[in-house]
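Novice: Letter by letter, the chains look like this.
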Amino acid sequence: MPGDPVIKAAGLTKVYSRGAEEVRAVDGVDFEAFPGEVAAIIGPSGSGKTTLLNMIGCLDNPSSGSLVVGGRQVFGAGPLSERELTAVRRELFGYVFQKFYLIPTLTVEENIMLPGAFYKAPGARDAYEVMKLLGIERRLHHLPGQLSGGEMQRVAIARALVNSPKVLLADEPTGSLDSRRTDEIREILRGLASGGIAVVMVTHNLELARSADRVLEIRDGRVHKAK
Amino acid sequence: MNVYAIAYKNLLRKKTRTALTAGGIALSAWVLATLLGFNRGYQQGLNRDIDNMGFQVLLTAKGCPYEAATLMLKGGTGLRYMPEAVVKTVYKNPEVDRVTPMLMHGVFDPDKGENGAVAAYLGVDAGSFPEMKPYLEFKQGGWFSDNNAYMAVLGYEAAELEQREVGDKMLIPGVDKEITVAGVLKRSGSQDDGTIFLPIGTVQNIFNRKGLLTGLGIKVKKGADISALENRLYDLPDVQVVSMSAVKATIMNLVNSARVIVLGIAGIALIIAMAGVVNTVLMSVMERYAEIGIIKSMGAMPADIFRMIWTETAVLCGLGGAFGIGLAFVTARLADAAVRYFLPYAPNGALVALDWRICASAFVLIVVGGLASGVYPAWRAARVRPLEAIRIEGEQ
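Sequence order for the protein chains is F and G. The opening position of the first sequence corresponds to residue 4 in this note's numbering, with each subsequent residue numbered one higher. The opening position of the second sequence corresponds to residue 125 in this note's numbering, with each subsequent residue numbered one higher.
In short, the hints are calculated from the structure, not lab data. Wrong hints could be hidden among the right ones.
DSSO-like cross-link-like pairs, simulated, lysine-lysine; straight-line CA separation at most 27 Å [what the hints assert, rightly or not]:
id	chain 1	residue 1	chain 2	residue 2
1	F	102	G	346
2	G	133	F	102
3	G	133	F	123
4	G	212	G	346
5	F	135	F	228
6	G	346	F	135
Chain F stretches covered by chain G per the calculated footprint, using a threshold of three residues with CB under 8 Å from any CB of chain G [unchecked claim]:
id	segment
7	73-80
8	90-100
9	119-133
Cβ coordinates follow ideal geometry from the N, Cα and C atoms, glycine included.
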């Protein structure tokens, strides 16, 4: 086991009310992620994996359960304000989404530096350094519209890395990419983990999941299998 | 990279929309600056016109006070007369420094213009009138010295219109009397530019108005109590006292009434522009809902998002305001001409007087109004919940 977990979730539960009916999107899930590891959350559509990722990433509040991130109790010991959750998010997490969400009017460099406009982490990296790490340094002054899907996802990853997060959360990071680009992204994520970051991703891609150090399979909101 | 740069670049996304909104703001700024400039210009012009008269009180024969005011400011007709003896009575008052009698007479001149027009002659006293108007300078010649001479002094525009120079002869229509041009005045920017001055005795003789005056200008001694003098003059029979300050106040009251209406319209234009700002910025926030959510997930605090959206509003209003004020400068002459066309009386000089104070006031008003209208969209954006925004985008 590579030291203490950077994420430790216990009994995470998310219940939605649909009229009189209660829907348990996530039901008592335990999960741990360690620095230097890639963890994959898999499962069929609607199984609750993205809801779980959102709770782990402090984007959503659980109905019950506890979450400790980087040694800080986030959920389970009284509610945190939106401001406190934002502080946790910007200090500990980097997010990568399937749709990239790059700002079309900003250059690649500006998109990568975007988190720094709101918060500059003590160990924040230089845009060029991150781009070089991801092999897109030649695209510095291009606009997102001039990039391929794979390049856009690399820019999104670079943006998530610029504030040196402890955990990189990726929701279907290869969902919009072909198999060649998928392999590239897998290698990048693996490389980041070997640099000491904990990578947690939600994916439908079993090939990508197989390359992970830890796999959590969710069905109907519950842990079906953990490896 | 900072919040302000992001805000600026956001505005460039939809250039046409940004330009149209800024255009609406510019229009409001233009109306506002022009109106404020008009208020100042009109007041300055009126003050200048009245100060250039050289006297503070005017006596006329009893009649309509507005007609008297017009007589003073424009040289009107439809005149009433008062006896010349009033000069001596007025001189008895200790506040009086100097008086100058005037007799105005209008004659229909069939040769003037296409269908003929009234030619107005102002008979003035050769001894006192020039002393009361020391600012009048001559382009050619000089004042006549004899109050019964058949001579004339032409204002700059009157000389241009009549196409006369010193030494030329002029025929007074209707009475077939010939007068010689003794002098032509330089442009003064006052009503004197369009006046034909004759010696007062000559006007009385030619038009059979012996011993009569239409007006008596009174210059008051420095520091004297004008109100006390006016109160005493009110007791004189068959004359009415026109105080310059009262004329000024009357005209400004009329202009102010009109200004309130026009300012109301400007206010409505401002409100419409501000509604445009709310609409544009809110639309832009809604279009970037997911993006704002992503930015918040990266660690932007609600205050950061508020500042970003508010900066966009400020840039829009700042650009629109600056352009509108620039436009007000460029079109000041046009606005001047339009106002002159519609107003029955407009003083000489620039009617739309823009200075840095007016520009700064209009700019501040526009920007403050814009920032106020940007509060709601900025607040809405600041309240975006990252997850909700991403979900909505995911469903699209």
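Novice: Taking the hints in turn, state whether each one holds.
Specialist: Quick rundown of the hints versus the structure:
no. : hint             : verdict
1   : 102(F) to 346(G) : violated (83 Å)
2   : 133(G) to 102(F) : holds (21 Å)
3   : 133(G) to 123(F) : holds (21 Å)
4   : 212(G) to 346(G) : holds (20 Å)
5   : 135(F) to 228(F) : violated (37 Å)
6   : 346(G) to 135(F) : violated (85 Å)
7   : 73-80            : violated (count 0)
8   : 90-100           : holds (count 6)
9   : 119-133          : holds (count 4)
Hint check: violations occur at hints 1, 5, 6 and 7; the rest are consistent with the structure.
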